[in-house]
Structure formats: structure tokens, C-alpha cells
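Input sequences plus hints: build the corresponding full structure.
In case you want the letters, here they are:
Protein chains: 2
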Amino acid sequence: MKKYVYAFHEGSTDLKPLLGGKGSNLAEMTRIGLPVPGGYTVTTEACIEYYEKGNIIWDELRHQIEEKQLELEKMMEKTLGDIKNPLLVSVRSGAAVSMPGMMDTILNLGLNDETAKGMAEITKNPRFVFDSYRRLIQMFSDVVLEIPKYKFDNLLETKKREKEVKSDTDLTEEDLRELVEAFKKVVKKETGKEFPQNPKDQLMMAVEAVFRSWNNPRARVYRDLNDISHTMGTAVNIQVMVFGNTGEDSGTGVAFTRNPSTGENKLYGEFLMNAQGEDVVAGIRTPRDIEELKEILPEAYEQFCEVAKSLEIHYRDMQDIEFTIDSGTLYMLQTRTGKRTANAAIQIVVDMVKEELITKEEAILRLNPNDLDQLLHPTFNEKALNDASFITNGLPASSGAASGKIYFSPEDAVKAKADGESVILVRNETSPEDIEGMVASVGILTAKGGMTSHAAVVARGMGKCCVSGAGELNINESEKVMSIDDQHFGEGDFISLDGNTGHVYAGQIETQDASLGGEFLTLMKWADSVRKLKVRTNADTPKDSAKAVEFGAEGIGLCRTEHMFFEDNRISVMRRMILSRSIEDRKKALDKLMPMQKEDFIGIFKAMGSRPVTIRLLDPPLHEFLPSEKADIEKLALEMEVPYSRLKETVFELKEVNPMLGHRGCRLAVTYPEIYEMQVRAIMEAAAELKQKENQEVIPEIMIPLVGEVKEFDYVKELAENVIEEVFEDYGITVPYLIGTMIEIPRATIIADEIAKGAEFFSFGTNDLTQMTYGFSRDDAGRFIKEYREKGILEKDPFQQIDRKGVGELMKMAIERGQQTRKDIKLGICGEHGGEPNSVEFCHIIGLDYVSCSPFRVPIARLAAAQAALRYS
Amino acid sequence: MKKYVYAFHEGSTDLKPLLGGKGSNLAEMTRIGLPVPGGYTVTTEACIEYYEKGNIIWDELRHQIEEKQLELEKMMEKTLGDIKNPLLVSVRSGAAVSMPGMMDTILNLGLNDETAKGMAEITKNPRFVFDSYRRLIQMFSDVVLEIPKYKFDNLLETKKREKEVKSDTDLTEEDLRELVEAFKKVVKKETGKEFPQNPKDQLMMAVEAVFRSWNNPRARVYRDLNDISHTMGTAVNIQVMVFGNTGEDSGTGVAFTRNPSTGENKLYGEFLMNAQGEDVVAGIRTPRDIEELKEILPEAYEQFCEVAKSLEIHYRDMQDIEFTIDSGTLYMLQTRTGKRTANAAIQIVVDMVKEELITKEEAILRLNPNDLDQLLHPTFNEKALNDASFITNGLPASSGAASGKIYFSPEDAVKAKADGESVILVRNETSPEDIEGMVASVGILTAKGGMTSHAAVVARGMGKCCVSGAGELNINESEKVMSIDDQHFGEGDFISLDGNTGHVYAGQIETQDASLGGEFLTLMKWADSVRKLKVRTNADTPKDSAKAVEFGAEGIGLCRTEHMFFEDNRISVMRRMILSRSIEDRKKALDKLMPMQKEDFIGIFKAMGSRPVTIRLLDPPLHEFLPSEKADIEKLALEMEVPYSRLKETVFELKEVNPMLGHRGCRLAVTYPEIYEMQVRAIMEAAAELKQKENQEVIPEIMIPLVGEVKEFDYVKELAENVIEEVFEDYGITVPYLIGTMIEIPRATIIADEIAKGAEFFSFGTNDLTQMTYGFSRDDAGRFIKEYREKGILEKDPFQQIDRKGVGELMKMAIERGQQTRKDIKLGICGEHGGEPNSVEFCHIIGLDYVSCSPFRVPIARLAAAQAALRYS
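Line order of the protein sequences matches chains A and B. If you're matching positions, the first sequence starts at 1 in my numbering and goes up one per residue. If you're matching positions, the second sequence starts at 1 in my numbering and goes up one per residue.
Bear in mind the hints are in silico, worked out from the structure with no lab data behind them. Take every hint as true, because none was put in to throw you off.
Here are the computed distance ranges between Cβ atoms for each label pair:
#1 B/Lys655 <-> A/Asp201: 49 to 57 Å
#2 B/Glu725 <-> A/Thr13: 43 to 51 Å
#3 B/Lys655 <-> A/Glu181: 54 to 62 Å
#4 B/Pro736 <-> A/Lys796: 37 to 45 Å
#5 B/Arg783 <-> A/Gly518: 53 to 61 Å
#6 A/Leu365 <-> B/His230: 53 to 61 Å
#7 A/Ser478 <-> B/Arg581: 26 to 34 Å
#8 A/Gly847 <-> B/Asp14: 47 to 55 Å
#9 A/Ala418 <-> B/Ser610: 51 to 59 Å
#10 A/Glu157 <-> B/Asn722: 42 to 50 Å
#11 A/Arg581 <-> B/Tyr150: 29 to 37 Å
#12 B/Pro595 <-> A/Glu45: 46 to 54 Å
Okay, derived cross-link-like pairs now, BS3-like style, lysine-lysine, Cα gap no bigger than 25 Å in a straight line:
#13 A/Lys417 <-> B/Lys655
#14 B/Lys791 <-> A/Lys587
#15 A/Lys786 <-> B/Lys587
#16 A/Lys805 <-> B/Lys823
#17 A/Lys786 <-> B/Lys717
#18 A/Lys655 <-> B/Lys791
#19 B/Lys630 <-> A/Lys635
#20 B/Lys415 <-> A/Lys648
#21 A/Lys791 <-> B/Lys587
#22 A/Lys757 <-> B/Lys796
#23 A/Lys717 <-> B/Lys53
#24 A/Lys655 <-> B/Lys786
#25 A/Lys630 <-> B/Lys648
#26 B/Lys791 <-> A/Lys717
#27 A/Lys587 <-> B/Lys786
We treat Cβ as the ideally placed atom computed from N, Cα and C, and that holds for glycine.
Have a look at this one:
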């Protein structure tokens, strides 16, 4: 019989996939002798089978749970539901991957009208018991019965107003008894049934609710957002209750073994006295700094510091710990690897290497390359900051700087983002329902909640700037007003957030690029020393090229020549070229464009120095350079002094049903060879001139796009070589160069052996290759890809992460066949996947020479390449 | 040293690729002892190298030609350019494949002012000599100097008018001497140089001109049209002249060993006395029936009959023979396999099998499957014909019947075709320049020219109806009038042609379907007995299904359900469905569509009997069912009683940038499962009802389109199975069925092993698979595919013939992987390639179970499948 339930003392960290993160860590802490209240874990496999069996707790599972529960009761010498001395337990979800804010928790399970009475007698603390009971009803209702929390919160607030008290702790036993009765009435009203009085029913219902919660919409959104599989399931942890709410020598807290924002090697945390579980992270009361505990309960504090240190050494990583002090005694309720900002992550691993706690390789592998993104984003310009109008201060919950317009609801934020606005989401506190709004925002500001509140944790995960707990702010979400003193800010007003200081400013503030610190450079050096893949950049301008070099780019993998034509003084020449009715007219227009392109290339070559530069010849269909709306065509006709009818006719002629599969790329060259001739001339003259005048050696790599048939390639190559010969004659010198192709048409992967006869390099254009391999138009697929992911048909968006099974298979075929003909063919990727870590790993595995990505993703690719080299060496 | 020149006695039929068709047959006839004037052939390889060397006759080639010429002169005891007794030769092109109408011919080469004088003395026939000389100048000018022929024709006509004679033969020696001088002046005026007097120069210039002619535009158009490679080159044949124009005991003619129109086993041909070479086929004089030769020159006639029979037996096929009688002596100038109508082709092979000249297998292999097409096209309805207004009679040059509007130039014909007109091209005679106009026409009518005229030969090749030599007609092409007696017909007037009788009628005549004759059925029976591939049809209506069964279809390979929605009473329900804002509304509309679809399926199932029927679920994007122009949207909004703005919004929302890669196929089912549910229900209820009420066993094959990911397939399959279960419960019976998928997304070919776990059949949708594999939008690629073919980048249009190297490779991968999981998976093709012989062959090679094509192509596919089975058994 399969084992579905493990006592804590039966498990260990190794069983994480089965026991979940929380369960395996509780087991591990138990194993190494830390003070952990007893309990057991129902496995993730049980959850998966629960779904497979059609959402049913089957007999065998029920039996195993009851068995472990019995063991626990024996150990504790207390029984669930015992009227005199009842055992209370907590029920918590815990998947194998961390899903902060997605956890379900029910405390104090086992209380009912009878056991509460008995417990009140035994503890002589009826206030505590009824506080616990009302919490049980509230949490059980939320998690199991799906009654909105606010219905209970409202009653609690009303009671506090009635009693004219500020804090929950000021409510009396009587108040709490009344609340329990009121809460039970809510349950009856909402569900038509009484709050379940049988503790065994409570237990099974709670377990099942946790299983169910795995597939609720917000959990699915979270997993989609974080690339977590929907098929892992969650474990359920049942644990004997200890109480932080028995009085003033009790409390509960959360701490990180190092600072999760800066990485500083110093215990960092918060606690509340006389409080239970979720009070700290829920942001209902503002918690106190962990150091203050030293004053209140010095012994417990010392013990906690020791446990924290030993956990960090045991796990060899910074830990995020939850604890409860029950009447002066410390209990560990959770430990897990702590979330951290990218800055902190780097600081921590570099420090730990110095402390000889981990190796350099471990340091490299421990970072999430995507997290580097936040380091590379701008901070406020200091001068601009001096003139900025300070409003208030909150907690520096997630680093970075952001300016944007205020929106008060996730829906408004999403809409504004869609309209192209830069959005700051302003909320009293955030909840999982707000996630999409947070995704749409550049920054998040909350009035309530600490460093470990939902807003803070999620924002850090997203690498978004967040200021939390700015308590002086009055935020009225329904009226869409935020005010402090006599200052009022409405929807659409600009504010600016500094996630590193917690400062909030009125208006927009100019930002400046990130300056990358010493630890970052250290880590990048380590990464560079192990990676096999070169990292290039996709850049079309000298400015982007320079930025990329600063970020460590080792060349340009994709310089798109078409972007150059969109500049103001060029687009009209380009349009004249397109409207030409004869080759002569077209050549005249191209003669005007040539020196412009040449200047572009000289600028880019200069910025890149001796690094290789791959230039893609014109790719988009010509109609992209012309307007399509009647009014715009009329305007352009006037400007260009051509008859409207002629311009309209040209626009109409060039229109395509499926432009993605239309007249573009090298297909243009077959029709209009003179366009590519001009471009090749501009490239080679630029290179020749730099060599002649500045003695700079440039090796241009000329890339022919959209090749699907070897004769296309040969045709353009011959055309290019003829021009190159002419340039060499004109300048009286030669310049080394390569001619290669994009591999982006499925057919090209099949005939790669033929293409490689003439092509000196392949660069995988995985954007288009994905479009054609899947038959998904990137412009149109958004609407159904979303649905596909929701229905579990697509696990990943193939435009974000290389589809290894389909697109990847074709890439492998192209490499294998290409190398058959040309053993040393240079191989790269220039699709947007080149900056996505999982895809970079794939590129390493299949043996590419380089990846190429946007400048800001270059460091990410460098780190991802190093990780891949370590994992697949 | 490579051998570039072969004397006739050195060659044979086996060397056809090298010597061309004409050259190798002259060699073969020489070899078997027939009376062939001596000569030699310059190889096709020489032509190819001529192009490779940059259009130059290089020294080695010149040397080899001179050597063979010397040998020839020795044998003939005459010398080229000898003033007293000059050798005259003909120079003719001859590629390895037949290109009727594309041949270049120069006769009488070697004549100049001096040799003409000498020859006149020796032959004592100066009239004949100067007739020959003027012909040389004219043909040499046409082929070598590129001076338009009409400039000489005009002078000839003027001279005839001047002399008041009707025929060329009535011109005197003096007239011809004057014409020679006039012709020479034309040459001087047009080229600035004298007509070349050195016979050796004439010879080399002629050889080079033939090489050049290989790549002239009309030759390229012809090859494109006939799927002939541009890289084969042409050979050049130099042959001693014999003369059909020495007087009334000389003549020249063309004959077929059997009737090329009906296949009747009887010599069939035409001749002219006192005429040279091209006079017969040029249609300048109307030639006489071959049987009349018996009266004039009985001995030569008998000899010719014997030679003809022996050639047919030697080549084991019907021959097309050219001969000349020089002063009573018969010479064979050419033999080749004769072109024939499809009807004749079948008659001939069936007869030859009966005559035990060839085997059944040879009979099958000898037919071009595409030619069957003409058999399947309509003839005139006999009743309608009785009422038709007869105008005139011409030669039944190419069978079939056609009604259409008169156009007098190829350009007008092309334009009218583009406007959707049914065109009859009316010309005095056609020339290669008219080919595009002929392509655009449904029928061709000429006033001049015989059964072997350009118009007749080309029209037969195209399988188009043609009436030639309708000599009573007065056709004024520039005035655009055709008249006979007092009847006048102008551009746009309707006429009708009967290609089987040569009758021409005024107005339109109703046509009827071809009734397929006994020989056709015999042949098809033979084909069916050897083929391995099943042949199904693509049909969406009971009518098409019945037609296809008549043509031998063994099932439906593709029933497109969307076409059913375009019918008038359904499109509005379909639109309501699309405009539905809720699932309920959508289901309501679908409930209305269901019985309609069910009726369709019942009709189709009945027509198909027990044959399998594959039904594809809805495939096109929904916007195809809605209008896109403002006025149409407004009209529809009124009709449907929905606000214009809402309809416009829906149209806008559904619009896609690349609809081919958009929200269609099974992607629709993920968004709107209820659509496929309705369709599956309609299919299964139709099948269940037929079983229940009529005891008819139907095996529907439900086909899911556009699968690229296995979960898509599984999702739709589960949905379908749920509906099927419901139907079985409703009807209380079960019906056997299959669920399979189209393989049309490149990714599907890669993951075919996964898909085959659930899919019981694969049907290759090679239209879309080609689009995505090549990255060619079929809607847009026309403009550049044409250019690609002209520039030799694409040899074939991949939408017409399966691209074996790219698309074919993916198909093979899909089959291999699919069979890994499901050994006996049923495999078919339903793209339009399924009716194209070369593609059918490929389908046989890769082991498909069936091909599916449009009803009219079913016989073609049956024959192609038989040929493939014989070639690859």
C-alpha cells in the first residue's frame, strides 16, 4: 500500500517533492532536533490522486490520516475533540515549490463550542480560547467554506469601534465570545449549515479544501506567472497548535537570517506579541523589529538567534523562518530558503563564498538569472531627486525606482497599461486577486503591511519597485483618492516610488541607468569563467550597442537594418524607393539611403570595436513602411507629391493576407536585388573606411533572412559577393567578412546541409521559427494562447521559452545537417529566446556558439549560460 | 576531351538526353537503315557549357563542329561554300523533351550569292535555287538575326499581289531573284550589316542562335507551363538538305502512324507538293490528305507506309513523322512519339495491348495521368446542339466542347479571363507568342492551319478544345471582327466550338458531362488491378460525392463542414452563432444549425454507401463568415437587427494579422467547444439514424484539424467522445467510428508519435503544411513564386507538386513516428496534391493508404497510383 501520510519524524528535506517545501522542512527541523511542534504531512501524491479520482478523499487516504492523527494524539497525550483537554492542530498547504501568498492556513482546528469550554477551564484563559475560536471560524470559513473574509473583518471592526478600542488585543473575553456567536451566524447564513462542530469533520474538510485550493484561479494565475507546473499538487501539513496569543509572554514572528533587501549578513525580521500566525504577514497590525524581542524576552531571543544561525548553516542558504513563542517557549513553525532581491541575492552568495559556506559554482547556480533584470533597471537621477517633492515614507519593500500614474484597482491598472500608460498601483494592501494589476504596474504602493506583506513579497518576486506600509497615507480605493494631510492625489496623477529607500514623491522623476556594483561584477566574472556560450546582443543603434558592451556583450548577433529606415528623414526616402516605378527611380532613392546606412554601420562598428557584428539585410514586407489608413495615405500623397490614387494603388498592391508568410526577407531581394545591393555596399564601405581611415579591423557578418530554399541563399550570396568585390576594388583593400543566414523557416532546418555549403553561419530566428512550427501568428495567438494555458493545453508560451520538443527538435536537425556539410559552421540564436534562461540552457545543450539578446538581458544570458555550463558540462 | 558532336551514325535513341529527341531519333533511323540524309548533332551538354562559359562558342567546340562538318562533306562529296557544287545543310534545334512550336529551323544554309549561282547551273533549276535562297534569308533572319518574319512575308505578299498569283509556287525565277535582293536589303537595313555570305559563318551563327533560343522568353513560358526544367539545354542538328521544292515530283509532309485525335489505327497526315519544310505546319498553304499522295507518287507513298509501320513497331508507339520527297526519292527527316488527345492515347494503348505490341503495364505507364482531365470535361448537350446556330466548319484539332466570348488577341484574352469571362481566342493562326492567351481561353478557333498547326498541337497539349483551319472565316484581328458571309461577330460575342467535329456555332450552348467510354473503363480496370493506394475524394455535398463515386472514388478523404454554412439559409444562423455574447445564445444558434448539418451528412453518407467518409470539423477562422467592408457590415446589421457598432466591433475583434496562423481549426474548439460538439452530434446522429432506419452501416471518420500539440488533440477527442456517448445513449445503438487528425502543422510531424497515441488516422493537409514549411502564404506567394520560377530559384510550385525535399521529409517523419506508437495507423492525404500525379507517386513511395482529391481528378489519381505501383513495386 502506498504511503500517503508521513509523520514529521519520518521525513526529511530529500522528500520535498512528496512532502512539499513546508512539510519537508518541518521534518528536517524535527530530524535535527529543533523545537518543532509535532505533526504529519499528507503527500502531494495524495493531492494528485484526489484529482484523478474525481475530487474524492478515498477510504485508504482517510484511513492513513486517521492513523497518523491517532499516533499524534498518543504522543501529545491529548485527543482531538476531547471536551476536557482537547488537542488543537493547524492545517496548512505546502507545495514543493514556494508560492508565497498562495498558502492556505487554518489554525486552532479542533475547537468547537464544547472543547472551547473545556479548554477555557484548563488554560484558565478564556479570552485566549475565544480569540482562537473566532480565528478558527474565520479561517475555516475562508479556506473551506469560501465565505469572503471581509464579512468577518467587518464584524471585528464594528466590535472594535463599538468598544472604542484600536487593537484586537484590547477586546475582552466577552467581546470575543460575542464575536464567535456572530461569526457562527454568518456561517449559517452563508452556507445554510451550522459551523461544523465535529473536529474530525473539520480535519477532513480542511484537508480536502487544501487539495481544492491547488486549482483555484489565483493559484493558477500565480503558477502561470511563475512558470510552475499545474500538475505537481500540494501537500497538507497537520501540526499541533502552539499559541502566540496566550498573553504578553507569547508572540509570533517572521525573520530572515540575512537582510532580504540588501543581503546584509544580519538577522532581519518582525514580530507581534500576543498574536497568532498570520497577523504578522497579513499586515493588520504593524509589527516590531526583531531586535526589540531582545528586550522583551531575552532568553527566547538568544535561542532564536542560535536556531537561525544553525538553520542557515544546515541549509547553506539564507532562511526565512516563522516562529511562535508560547508562554515564553520558542517553537519553530517553518523554515525555507528566503526570497530576496536580486541585489541581496548577489550580496549573499558572494558573502557566502567568502565565508566558505558555498563554492563559486554553487553561487552561480543559486541565482535566478531573471532576477538580475531588476538590477539593470534605472534608479532616480540624483539631481532630479533633489528637486523632487517628497510626500511620505514607507518600507523599502522591493528595490528599483518607478514613476507613473496612480491607479487604484487592478482592473484599472490593466486597462491603463493596455493604453500604454506607466502605472503605479496604489492599494491599502494587496491580495492575490491583485496579481494581474501588479503585473501591469511599474511600481506598487501600499498603506498597510510590512516587508513580508503580500505586496512586498510578490513585488520582489517580480523585480518590481514596491513601497509598502506607508501608513500615513489615506487611501480610498472606491473614491479613487489618496491623501496625506491636505495633499490629494487622484487617478492618473503622477507619483514616483523609490523602492530602495521607501520614499514616495509627487510627480514624475527622471531616472538613470543602474550602476552595477562590485559584487555584481565579481559574480559576472565567475560566470564568464565557466560559461561556454558567447553572449551577443541585438542592437540597431550605436547607443544600444554601447550599452550592451557595458553589460558584457561580446558582439552583435542581430542588427536589424530596417529600424534605421524609420527615422524621420529617412522614411520618406524609403517610401520614394518603394513607390518607384522603374529600377532607375528605385536606384536613385537607394543612392540617397546608402550613405545614411553607411553612417549607421560606421557608428555601430565603432561602438563594437573589434567585436563581430551580424547585420541582417532588410526583412519586413515593404507595406510596413507605408501607411494603411485613408487619411494617412492622403497626407503622405500630398507630402510626396504623388497622386493619391497611385499611392493608394501601391498600398493596395502591397497589402497581404498573411504578411508573416509573404513577400519579405530574401524574397524581396529576388524581386528588388538593388535593395540588398545597397545594403551590402553600405556595410562593406563602412568596414573598408574604418580600416582605411582608422585602422580598425571589423568583421561584418552579413545575414540573409528568411531562407527556405538553397537557391535563395545562393542567389543573394552571389549578389552580395559581386557588390563586395566592387567595394574592394573601389577602396583598393579587402576586409574579412562572413555571409550566413537566419534559420527561421522550418524548411531551412530540413535542408540545412545544402544551405551550409554556402553559409558560413546559421543564426536561429526562433521567433519566426516558432510561429511557423506551431502555426501560431504571434500577432494573433495572444487571445488563444492565454486560453490554452488556462486549460492546460500549453504549459509554456512558446514565444517566451523555446519549445524544445518541437522547435528545438528542428534546431537540432538543422545543426546536425549543417555540420555534415560544414563542420565548423558558426551557430547562434537571435530570436528573443536568446535572453531567456531556460532557452539559453537549451542553446548550450545543443551546442550553439552564442546567444544574442537585448542589451538589458545580456547579464541574464551570461549567468544562464554559466549555469547551463555547470549543469551540462 | 569530351565529345560534343556526334555524327548520326554514331548515335542512337539511348543518347536522347545528350542528342535531344530529334537528334537521337535521326541517329536511330540512320542506325536501322532508313533513308535519312547525313548529318551530325551538337549535344545538349555543349549548350549547357555555352551558357556556363558566358554565352561563347569556345575553341574546342568550334573545332569539333568543323571536324564533323568535314567528315560530312567527305561523305557527300560536296563542300559547304563550294561555288560550283555547294553542300547545303539544315540547322535545327532539338531538346531532350518535346517542345512543339518552340523549334528553331534554318534550311538551305550554305547558299549565298555565289553558291546560288553555281547551284543554279548544276541543278538547271534556278527557280528552285532562288526559292531556297529567299527561304534561307528569311529563316536565318528570324532565328539568328531576330528580324521579325512579317517584314519578309509582307514583301512576299506584295510580290504575289503584284504578279496577281495566289500561290508561292506561281512565282517565277525572276520574281524570286528580286525577292532575294529585297530580302537582303531588309537585312542590311535592320542589322546595319550585309546578310552573311560566308557559309561557315552562317553555320556557327546558326548553332549559337539555337543555343540562345533555349532561353528566350517564349521557350521559358512554354517550359514553365509544361513543367520542363530550364537547365537541360537543347541540341543542334546539322543535316544535309534534301529538297521538297525542286518541282512537282518533290514535296514534303507530316504524318502520324495512327489518328492523333481518335486513336484510330490508320495513317493520318498531310503533305504539300513543291514545298519546303515548314510550309505544312506553318499553315500558309492548306495541305492535302496523306492518302492523296498515293495518286501522285504511288511508289513513294508505298515506301512511306512501310517505313511508318516499321517505325511504329521499332518504337512500339505511335509516331509523328516528317518526310521530304526530293525529285521522287523519299527521305525521313524526323520521327518522334506523336502527341495525341487523351481519347486517342487510351484508344492507342488499349489497341496496342490487343495487338500484343505492348503489355498492360506498359499501357498504364505510357499515359500521362493529367491528360485524362480532358476526357472528364463536358461535351455539348445534344438537344441544345440541335437548336444551335451553325456558323462554319473547321478541323477538329483538339477534342472537347467550349462556349465563351470572343477575344482577338492574347492580351485581351488574358484580361477577360482575369475578369472572370469564359474566353474563346479567335486568331488567323496562332504562334508561340499567343501561348498565354491560349492558357487563358476555354477554346481556340483559327482560320488557317491544319491538324498539325501550332494552334492544334498546343491546344491538344493543354487539353483544350480547338477548331483550326476554319478557312471560310474572315478574321480581322486589329478591327476585332470575325465574319462569314453577312454574319459578323465582335469582341465579347458568344460562340461555341466543338473540338470533336470542328463545328463552330453562334451563341452559348449548354454542355453535359463526359460519358466515359469503354477503353477508358478497360484502362481504369487495369490501373485499379495494380495500384496499392486507395483513391478517395474531397467532397462536401451529396452531388459531388455521387460524381466522385462515378469516377471511382473509394471514399471521402475530406468533407469540409464549413462550406455547408455558406448556404443561404444557414449563413445567417452561423452569423448569429458568431455574434452570440453568451454560451447560451451560441448554443441556441448551434441548435438551429445542428439539424441542417445532420441532413448534409445523411445525404453524403447515402451517396457514399458503405465507403468511409472523413469529416473535418470546422476549420476556418470565424471572421471568414462575416463581411469586412463597411457597407456590407451595415447591411448585415440591419438584416440581423443588431446595432451596427456591435457588429463592427465583433468584426474588428475577429480580424487577424495572419489569419492562416490564427484562431482556427481545433483552436476554435478550445475557445468554443460547443461548435465541435454540435458538429460531432450531427455526424453521429446522421450515422445512427441511417443504421437505425435504413440499416446502412456508416463508418464516420472524424478529423480534427490544425493539431500542433498533443493536448489539443486529446482535448477535442475527449469532447467528441463525450458527445458520441450521449448520441449512443439517445439512440440506444452504437456505430463504429474513428477519430483522427490532419497533419498540417510542422510541429505535428515532429510529435506524431504522441498524437498517434490517441489518433486512429493521420491525413496530411499538405496545403497548409506547405505554407508553414516554406513560410509561403498561398494567398500572397503568387507574386513572388512566379519570379522565383523565372529566376530558377523554384523548379516547381510547391503548392502544385509536393516538395519532396522539405514537406515530404516532414511527412516521412510523421509517418515513421506515428507508426512507432500505432503500427497500423491509417494514413492519407487530403491536400490538393492528392490529385497531382507526381505527388501521388510520392504518396505511394512513403506508404500512405490513400490519396484524396477533387472528383474530377479521381481517375487521374487512380492512374497515377497504378503507375507509381508499377515503378516502385
